[in-house]
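Trainee: Here's the letter readout for the chains.
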Amino acid sequence: MVRTLFALIGIAGAIGLFFLYTKPAYDSVEALRMENESYDLALEKAAELQRLRQSLLSRYNAFNPADIERLHKLLPDHVDNVRLVLDLDTLASRHGVALQNVVISRPNTSTEGRSNVIGPTQRNYESLTLQFSTTGTYEQFKTFLIDLEDSLRIVDVVDLSIDPLSTQGGDLTYSFDIILRTYWLK
Amino acid sequence: METGIKSSFIPQAPVVGPSARRRGGSFDFLILIALVLFVASATLAVGVFLYVQFLQSSNASKLQQLERAKAAFEPALIQELTRLDDRMRAADEVLAQHIAPSALLKLFEQLTLQTVSFSSFAFTTNNGTISISMKGLAQSVNSIALQADLLSRSGVIVNPIFSDINRQIGGVRFNFSADVRREALLFRSLVQAPAPQTAPQNPLEQLPPSPFGGQPVEEGAPATSTPQSGDPQAQQQ
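Protein chains in written order, with our numbering: chain D, 605 to 790; chain A, 132 to 368.
One should not assume that every hint holds.
Within a straight-line C-alpha distance of at most 20 Å, the following computed SDA-like cross-link-like pairs (lysine to any residue) qualify [stated by the list, open to error]:
hint, chain 1, residue 1, chain 2, residue 2
1, D, 649, A, 202
2, D, 627, A, 176
3, D, 627, A, 184
4, A, 193, D, 733
5, D, 677, D, 733
6, D, 790, A, 202
7, D, 627, A, 175
If you anchor each label on the Cβ, the simulated ranges turn out as follows [as the list claims (entries may be wrong)]:
hint, chain 1, residue 1, chain 2, residue 2, range
8, D, 681, A, 181, 55 to 63 Å
9, D, 645, A, 187, 12 to 20 Å
10, D, 698, A, 306, 44 to 52 Å
11, A, 286, D, 743, 36 to 44 Å
12, D, 670, A, 198, 13 to 21 Å
13, A, 187, D, 670, 32 to 40 Å
These are calculated hints, taken from the structure and not from any lab test.
C-beta: ideal position from N, C-alpha, C; glycine also.
Just chain A, same shape as in the assembly (with noise of 0.2 Å):
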């Protein structure tokens, strides 16, 4: 008979099932997973920042330790140097242009025949090139051959040129046109080479020690040690 008393004094609980134990686990791992998420976060964060001072700081030492190091090179020293740098440079460059026509003149005597003289003389220079032009009186057409041999053999003259070879009473006159090798005059090479001995070719034409204003004389006459005095315009025309 069923009298709807409880036979037992053990409590019946509500059986738990292992879906709601299998829930609570899971929240705790999902806290888990947020704790370990957070304090990730934050342990990079804080290790992020820590590293960002540090960047900052050891940035800042450096700068001022450049600093110090351009101070320490002295602007005014450093533009000094550089000045006198380019100085030395610009100096070097202007001297190794540097010419010495008077080489050409000490040329011209030396090579100058005893039967030939000149009456004037041009000297230009134009991006580099020299050129000479000079007008001059020989005693023969001969002379002015010879002349003509011993300066194209010099070294220093190109391209000599005689032109308007006019035979006259007194001699034969002549245009002379010539351009010059610059590195024959250059200041420094003069300077640093011995000068350079060009005797004549010939024993009997003597050189006189000035190529301009003599009157040209006899062929294997003496040469005379200074130039001759004339008429300069006489010897022009």
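Okay, chain D solo, but in the shape it has when bound (with noise of 0.2 Å):
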């Protein structure tokens, strides 16, 4: 009688033990297997990442260090309207003319964008217009917009009207009203 209870114990704890510890604790390693294959993913992904890095880090080493200054130049990180125009000015009395009624003003990026898709723009830079006017000679002028196409900050000429002013010393004066449009990186 003793010896069967011990039995009925003795299956009755290998059953409890089975229920009560050994499955749920192998249901657990099962998540703890897949949580483990998931990390050696992650570590080949990373070791993939850290060749990737490395191998950028000498290409980006190997950049003049003068050229990114320069790409700096060329697409801010910020509008500086400010700086922009006092550029302007300076480059404008070095062909002797002079800005007047400068206008700033942010584009309607409904009218003025690229594409004609409905929705938030997929560009990683923005855009500002600035308008002014000047008068001068023609040949003053078109060294003048030669300069400002070649200069280093990006300013593209949207719109452009010459129209004739007057005679001086007998070369013909010009109205120059431009809008230009200059981009900084988001």
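Fit the two chains together into the complex; they arrive one by one in their own frames, and the hints show the way.
Mentor: Structure, rendered in structure tokens:
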């Protein structure tokens, strides 16, 4: 009778141990194994990214710092419109013309955008327009315009109108109304 | 005679039937089964326990490796590289769209006949389309026709339209409007390619350096190197 009791207790203990500990623990083993595999995958990716990082870093170090500085001037982090107006004024005065009636405004993105798709823009840069007028001879303005196109800080001529104004010293002077667009990185 | 006295001293034990022995054997077997099951279950539990401990320590170790790898990435450096990549891509896009309207002025300097002058110029861009409009004065309608032909063949001016042609004292006034092929004004292509040579088709029609302000001269007259002065208001009227 006692032996039977021990046998039954043993069987019940075995079954209880299995269902109360072994089975739940084994289920958690599955989850742990999956977590382990995901860590392995992540470590492989990390190693791959580390190699990529080294490759990119070596390429980055190969860049001339002066070129990177020029790139920053080409597309600055901020609009810095005051500096832009000062630079334009300096450039204009170098060609004997002066900026007048400077107006700065953000373009209407719904009409100005380069795509007709409605929705958030995919561009990672912003732009604003700068309008001014000036007077001078055709040759003065042409050289100013060429320097403007060649300037490191990119400005695009959006609108330009040339109208005759008067004659000074035998040379025709014109009024030039110009709208420029400049860009900066978001 | 029956005395009731047992004639044998050999104890006569009750005969144990085979069923009782069989019952005791089944008890042993049951205990054996129970023992085996319990040992197996305990072994399995211990194995699972050890495996769980192993996996947990392995996961913790790999998590630490990942943290170290993440720190080794230097997020500030990655951000700087990403920013530089964005800047290069954006600059490339902006440069690809950058136009040089001075090329258009140079084109008109080369293509404007000596018998034609323009008094105003308007240049407009809208969603990538470039259009121009000008007011001009020509010596004759033939000059306008020749000018239209030259502009059409330039490859830069698209859909040239001469309108409001009005013969007046001093010449024929006209309005001119056209679209401009954007590719011809792209700064990148202008920098990479040599300047186009667009010689006048008619040697008698020599071209002034400035298409603006000059009065049209007689056909066949020698070209002047500077724009001629005149009353711009009178030209515009």
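Trainee: Against this structure, judge whether each hint is valid.
Mentor: Going through the hints against the structure:
no., hint, result
1, D:649 <-> A:202, "holds (15 Å)"
2, D:627 <-> A:176, "holds (9 Å)"
3, D:627 <-> A:184, "holds (15 Å)"
4, A:193 <-> D:733, "violated (53 Å)"
5, D:677 <-> D:733, "holds (18 Å)"
6, D:790 <-> A:202, "violated (27 Å)"
7, D:627 <-> A:175, "holds (10 Å)"
8, D:681 <-> A:181: 55 to 63 Å, "holds (57 Å)"
9, D:645 <-> A:187: 12 to 20 Å, "holds (18 Å)"
10, D:698 <-> A:306: 44 to 52 Å, "violated (35 Å)"
11, A:286 <-> D:743: 36 to 44 Å, "violated (26 Å)"
12, D:670 <-> A:198: 13 to 21 Å, "violated (38 Å)"
13, A:187 <-> D:670: 32 to 40 Å, "violated (53 Å)"
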